[in-house]
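Asker: Each protein sequence line maps, in turn, to chains L and F. Just so you know, the numbering used here puts 258 at position 258 of the first sequence, and the rest follows in order with no gaps. To convert, take the position in the second sequence, counting from 1, and add 618; that gives the numbering used here.
Check before you lean on any hint, since a few could be wrong.
Below 25 Å or equal to it, Euclidean Cα-Cα: the simulated DSS-like pairs (lysine-lysine) are [claimed, not checked]:
(1) L/Lys22 <-> L/Lys119
(2) L/Lys418 <-> F/Lys717
(3) F/Lys663 <-> L/Lys445
(4) F/Lys656 <-> L/Lys445
(5) L/Lys56 <-> L/Lys118
(6) L/Lys445 <-> F/Lys716
Hints in this document: simulated from the structure, not taken from any laboratory.
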Amino acid sequence: MGRCAAILLAVILLAPSARAEKASFTASVDRAEVGVGGQFRLIISISAENPDQVKKLKLPDTGGLQVVDRREEEAMSFSFSSGGGQSYKKIKNIILVLRAKKLGNFKLGRASMVYKGKKYNTDPITIRVVKARPRPKRARRRPFGFPSPFPDDDPFDSPFDDFFERRRVEVGEDAIFVKAFVSPDVVVEGQQVSVTLAVYSQVGARIIAIRWPKLDEFFSVARDTSAFKTKQKVAGGELYMYKVVDQKALFPLRSGEIAIGPVEVEVGLSSSPFFPEESRTLRTRKTKIKVIALPEEQRPESFMKGNVGSYQLTATLDANEVSLNQPVTYTLKVQGTGNIQRVRPPDLPDLPRFKVFDPSVDVQVAKKGRYVKGFKTYEYILVPLASGELEIPSLDFSYYDPEDGEYRVQHTEPEIIKVAASGAAGVANGAAAGREVNILAGAFKPIRYQSELTGYGEPFYRHSLFLPALVVPPGLYVLILIIGLVRARMGVDTRRSRMRKAWARGRRRLKTARQLANSGKAEDFYAELKAALLDGVESRLGLAAAGVTMDELRARMQQAGMSSDVYEAVRTETENCDFGRFAPSTSRGDQMQASFERVRKLMRRLERERVRPGGEAR
Amino acid sequence: MRTLALLLLLVPGIAAAGDLDGHYQNGNQAYLDGDYPKAVEAYRKVLEGGVQHPDLYFNLANAYYRSGHRGLAVLFYEKTLAMNPSDDAAASNLEIVKKELIDRVVMPEGSAVGEPMWHGFIRSLKFGWLTWTFLGFYLLAFAILIGRRLARADPLRRLLFWINVPVITLALVFGLLLASRVYIQEKVHHGVVVSSTASLREGPERAAKELMQVHEGLKVRLLTEVGDFLRVRLANGVEGFVKTSQVGRI
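This is chain L alone, in the form it adopts within the complex:
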């Protein structure tokens, strides 16, 4: 037992070293086709624990191809086993740079070596030398920013070339291309076909534009490709950077053979930060798909074209108990995988007890994922026009399932709505069934049978009388204010007004004096006559003459430029009046008449007498 354990332990410990004894010996070229005069690399790779122990290394026969350069490089790789052991290998690459001089296929022979007593051979490689194309534009070998799969490329460039030329490499047609993956290529009408557009590149590239051909025979849905990451992929024995750049879900609208493509992808190739980007248009191959017509057999009556996929129909009602004329929402939702935009749920049957409004349609489609998924809702507004229990019957929804290759039918549950006859509700025209209930009673106001149809017209503020009605009252008030102001101004006791008033007063007193003379009242007559005369003097001088002495009066009259005759006349009549007042018994009627006439004439004379400007009393 102890021996068995020891052997087992020895095997485990020796296993890594046993594995390390294996070596690999391969040959590869960096391209299978090259133009005349072009160069390519032949890489002989030896992977072993100790490549220095390689013996009898024989390089392959180049078959007429010129060897322009040779160099070697070494690297080391480590590996760890699950048992905790570790091993390492040295990798030695012998790189031959070969040049083709003429057209044709050239066979590179086998290389061979002996390592630890065991002989290793490589496989022969065929190189096709074609007619050289014009010197192509160049780009750096940095596809999508990923490090070049071939480190330290361009070993054959002359060190004497300029720096930029050394960094440039030829970008052949096989260095970048686009490919369209169409799946599946046989479908039924309305079934999804996925077209995935991928770019393979060995050079740095940028997508400028993607131009799809006309897709009139399809219902096309764009898919989101942002989730696709750049990765490495080998195509035709070459390592490429691979990226999905676009994807479409196409739903054929007819049966038969339909071509897709070519799709054009415009890319920008960057060769160097010092050189402008080169634009190149890549094209996919035209692909044909076969579209089979939907089977006629067992096709349900309710089937509508476009309902192809895998769906689930649900019907919901937002309320089952409502009042009359209170709207309810009936929602039909189709959910599943397929052409959601085109799928149609069943139409509502004729519902005479409802007013049915056009549905509002909502479509939600997931953008990501290869298959189109989502849901579509039809929201119907239904207004019950009658009370009682109203039914929305079961609806049939059929679709063709391409996975199972048969039609399927789904049914909704019938919905019952209990409608209460609200007293405040009315019935619209056409609700024949609604006549079962007299819901109009007392609520809906009837028409006005009798009406004069007058008394209402344009509002009064638009009438032509409205503005005058606003303006006239304040205008009138302002007018009265102005009149009052004028009158007040006229009533002010100024010098001129005093003179005017004195004259008017003198005239009135003269009349009174005449009446007194006629009645024989001598005393009163002379008093009034004197007052009238003094008023007449005042009206000329602007001075209350009643209170002044005769000397003052004379001085005033002289100052006013009045003649002394006038003064003397005034003085004489004044004295006469005084005499008549104090000796009335001596006065007879004719004397009073004479005095009156004299004073009247004197007042007229005073009125005509010229008064020097500024001579009036102040």
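With chain L held as given, fit chain F onto it using these hints.
Answerer: Below, chain F alone, put in the same frame as chain L:
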């Protein structure tokens, strides 16, 4: 001869008035017979004759409602109330129709949008009553002012002054209310969606994105007219463009 000529001039007017009254009665009869489309047709003839009267609007609204045109029914009930805010029958029928409308305007929480409250108060004031009340106080105030000016006795002048203080105050208040009413009448316009369904769009073009669908009977404020579209505002402040032909002006 002159009298005859005058009569000849008046005859067409009298005949036209008689026709309108005849159409109105025909509309009433058709309504009572249950022939609502015919009633609508007859009432519209009266309307096209230039008659503006709340009774006509009310009957037309009833006929539209019975015909199943809720949008137009709402429009003419609103017209009735615009002309006579105290028309209880129109308000009552309008409430009934509103219960049957589809659109429910959801007011945003915590923000004051829509028509200011004072607009509603001002609209509730009857135009004729407001105008004549204002003019009454206005004329009375100036009459008292003039009377006071002309009065010579101081006690009378003092009495007139104190009488005029409340009169002028009321004239100012009613003047302000009338000015507000005129402002709303002239500047703030409303309409009602009359087509069964209308699209509220982001711009005045058919290609503009649809914000939402609105349905008949929805009352909106009319802001501006751009081509064939009206910029409208819902009670909750949402604005958009709707085709002019789909909205009736109150």
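Asker: Is L/Lys56 close enough to L/Lys118, meaning Cα to Cα at most 25 Å?
Answerer: Holds, because 11 Å separates the two Cα atoms, which is no more than 25 Å.
Asker: Verify the proposed pairing of L/Lys445 with F/Lys716, using a straight-line Cα cut of 25 Å.
Answerer: 15 Å, holds
Asker: Quick one, are L/Lys22 and L/Lys119 close enough, alpha carbons at most 25 Å?
Answerer: 12 Å, holds
Asker: Does F/Lys717 lie within 25 Å of L/Lys418 when you go C-alpha to C-alpha?
Answerer: Between L/Lys418 and F/Lys717 the Cα gap is close to 17 Å, so the pair holds against 25 Å.
Asker: Hinted pair, alpha-carbon criterion (25 Å max): F/Lys663, L/Lys445. Please report holds or violated.
Answerer: 23 Å, holds
Asker: Mind checking the alpha carbons of F/Lys656 and L/Lys445 for me, to see if they're no more than 25 Å apart?
Answerer: 20 Å, holds
Consistency note: the structure conflicts with none of the earlier hints.
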